[in-house]
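Asker: Listed here are the chains, written in short residue letters.
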Amino acid sequence: MIFLRRQLPLLITLVTGLLFAAQYYVPHPASEQMLTSATKWLQIVGGFALILGVTSLFHQHAVKIRRQEAGWGYSLVLYVGMLGTIAVGLWTNGKESVEGTMTAFGWIYNYMMVPLQGTMFAILAFFIASAAYRSFRAKSREAAVLLVAAVIVMMGRVPLGEYLIPLSGDVSSWILNVLNSSVRRAILIGVSLGAVALSFKIIFGVERSYLGGGKE
Amino acid sequence: MWMAGMTFSEKMLKIDRRIIFLMIGLCTLLPLLYPVGLPIKTSSEVRGVYDHIESLPEGSVFLLSIDFDPASKPELYPQAIALLRHAFKKNLHVITMTLWVSGTGMADQLVTQVAKEMGKENGTDYTFLGWSPGGQAVIINMGQDLYSAYPSDYRGKPTKELPILEGVRSLKDVGYMVSLGAGRPGVEEWYVFGKDKYKFEMGGGCTGVMAPGLYPLLRSGQINGLIGGLRGAAEYENLIGQKGKAVAGMDAQSATHLAIIALVIMCNLFYFSLRQQKG
Chain B
1 MIFLRRQLPL LITLVTGLLF AAQYYVPHPA SEQMLTSATK WLQIVGGFAL
51 ILGVTSLFHQ HAVKIRRQEA GWGYSLVLYV GMLGTIAVGL WTNGKESVEG
101 TMTAFGWIYN YMMVPLQGTM FAILAFFIAS AAYRSFRAKS REAAVLLVAA
151 VIVMMGRVPL GEYLIPLSGD VSSWILNVLN SSVRRAILIG VSLGAVALSF
201 KIIFGVERSY LGGGKE
Chain E
217 MWMAGMTFSE KMLKIDRRII FLMIGLCTLL PLLYPVGLPI KTSSEVRGVY
267 DHIESLPEGS VFLLSIDFDP ASKPELYPQA IALLRHAFKK NLHVITMTLW
317 VSGTGMADQL VTQVAKEMGK ENGTDYTFLG WSPGGQAVII NMGQDLYSAY
367 PSDYRGKPTK ELPILEGVRS LKDVGYMVSL GAGRPGVEEW YVFGKDKYKF
417 EMGGGCTGVM APGLYPLLRS GQINGLIGGL RGAAEYENLI GQKGKAVAGM
467 DAQSATHLAI IALVIMCNLF YFSLRQQKG
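Just so you know, the protein sequences line up as chains B and E, in that order.
Numbering follows our numbering, in which position 20 of the first sequence is assigned residue number 20; successive positions increment by one, without gaps.
Numbering follows our numbering, in which position 204 of the second sequence is assigned residue number 420; successive positions increment by one, without gaps.
No lab work stands behind these hints: they were computed from the structure.
Computed footprint of chain E on chain B, listed as stretches where at least three residues anywhere in the stretch have a Cβ under 8 Å from a Cβ of chain E:
(1) 102-112
(2) 123-136
(3) 158-167
(4) 182-188
On a predicted model such as this, the values are computed, not experimentally measured, just so you know.
Ideal placement from N, C-alpha and C gives every residue a C-beta, glycine not left out.
Working from the sequences, and respecting the hints, build out all of it.
Answerer: Structure below.
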C-alpha cells in the first residue's frame, strides 16, 4: 500500500518531470508527438477538473444550507442559479442562438450574466475612489513617493491630464517603462527562480505535500 | 459619522462615502452626456500592435484570443472591435477563440457583429473556434496540432474542412497573434506556452490595472505592442480612424481620474492640517 500511496506517485513525478523538462529541448518528431498526446490528455483532464470543481462547490453549499449557517440564503440562490442554468443549457444543447434567434440559454447569458458581471466591475470605481480618499495618505516618505507616482501616472494616462500638464504623459510613460518595468522584472526573476527550485524539489521528491498529509 | 467637537479637518476626513460615490457618478455621467473630445496622443505601445498588423500582407493569418469575460467588457470589448475592424480591413485571415469559458457567448457575438459590419463570411474570411478546456494546455495543443485542439469550430463545423484554416496546421503557421486578456490564462500564458516555443509574433491587450505588470514583456521584446485599458482602445480607434465607445469614454475617464486625484490631495491636506493641530 505504501508503494501505491507514496513511492509510485513519486516515481511518476520524477519520470514525467524529467521527461517533459527534456522534451522542450528535443525537437525530434517522436518527442513532439509525445507532447501532442500529453497536452490532449491535459485538455481531457481539464474537462474533468471542471466537473470536480462544480461537484465540490455543490457539496460546500449543500452543507451550508443543511446546517442553515450564516448567509445560507445566498447558497440557495447559487443552487437555484446553477441548476437552472445547467438545465436550460442542456435543454438548448448549449447553444446561445439558433439561426439568429436567441435561446433561453442565450437570454440567461446576455440579460443576467453580462449585466451582473458588468455591474460588479463598475462599482469598483466607486469603492476605489472612496478607499483612495480614506487611505491614500503620505504618512511616510515611501508612501509620499507612491502617492506622487500614482498621481503622475493617473494624470498622464488621460487626455485631460495631458492637456493640463503636457509633461505628465512623458513622465508617466517613463515611470511605467523604466521604474515599473525594472522592479517588476526583478520580482519576476525572483519568482521564476523560486518556481524552478520548487519544481526540482517536487521532481526529486523533496517536497511531498502534494501527496496529502495522510498517515502511511 | 460626524460627532460634536470634531474639527473641520476631522469632519472632512470622515465624510460620508455616499458623497464620494455621487461625485464619481457625476464625473462619469456628465462627460458621457456632454462630450468634450480632447485629443488623444498615441503611445508607442499601441502603435507597435497597429504597425505590425499594418505591415502584414493580405491573406496573412491573424489569431485573436479573446481571453476575458463580461466583467472586463467595458475596457477590452472596444479593443477587440478595433483590432477586428483593422484586421478585416487589411483582408487578413482572422482566427478567433477564447480561453475563458464565461466569455464564449460574448466573444461569438463580438466576432459575428464586426464580421457582418465588414461584410466578411464565416469559414472563408474568419472563424470563431470557441472555447476548449485546459487553459495553457490548449495553447500547447494548438502549437502541436490545431485540428486536435479544436476538432470543430463554435458552430460545429469540422476545422479540417474550413477554407480559412487551409494550411494552418498549428501556431507555427500564424502570422500575428494578439491576446486580449483580463487575467489568467491571458497574455503571459500565450507568451510562455505559445510564442516562446512556436515562434510567432505576438502583441497583447489588457485591462488598465493589468498593464503595468506586462511592461517587462513589452520592454524585452517578448510582445511587440500592448493595448492597455480603455485608453489603449481609444488610441487604436484613433489609429484606424473609426471612433467608437473607447474614444467616447475617454472624457468620463479623464473626469474620474481628476476627481480621484482631487480627493487624494484633499484628504492629504486635511490629514496634515489635523496632524499640525494635534502637534
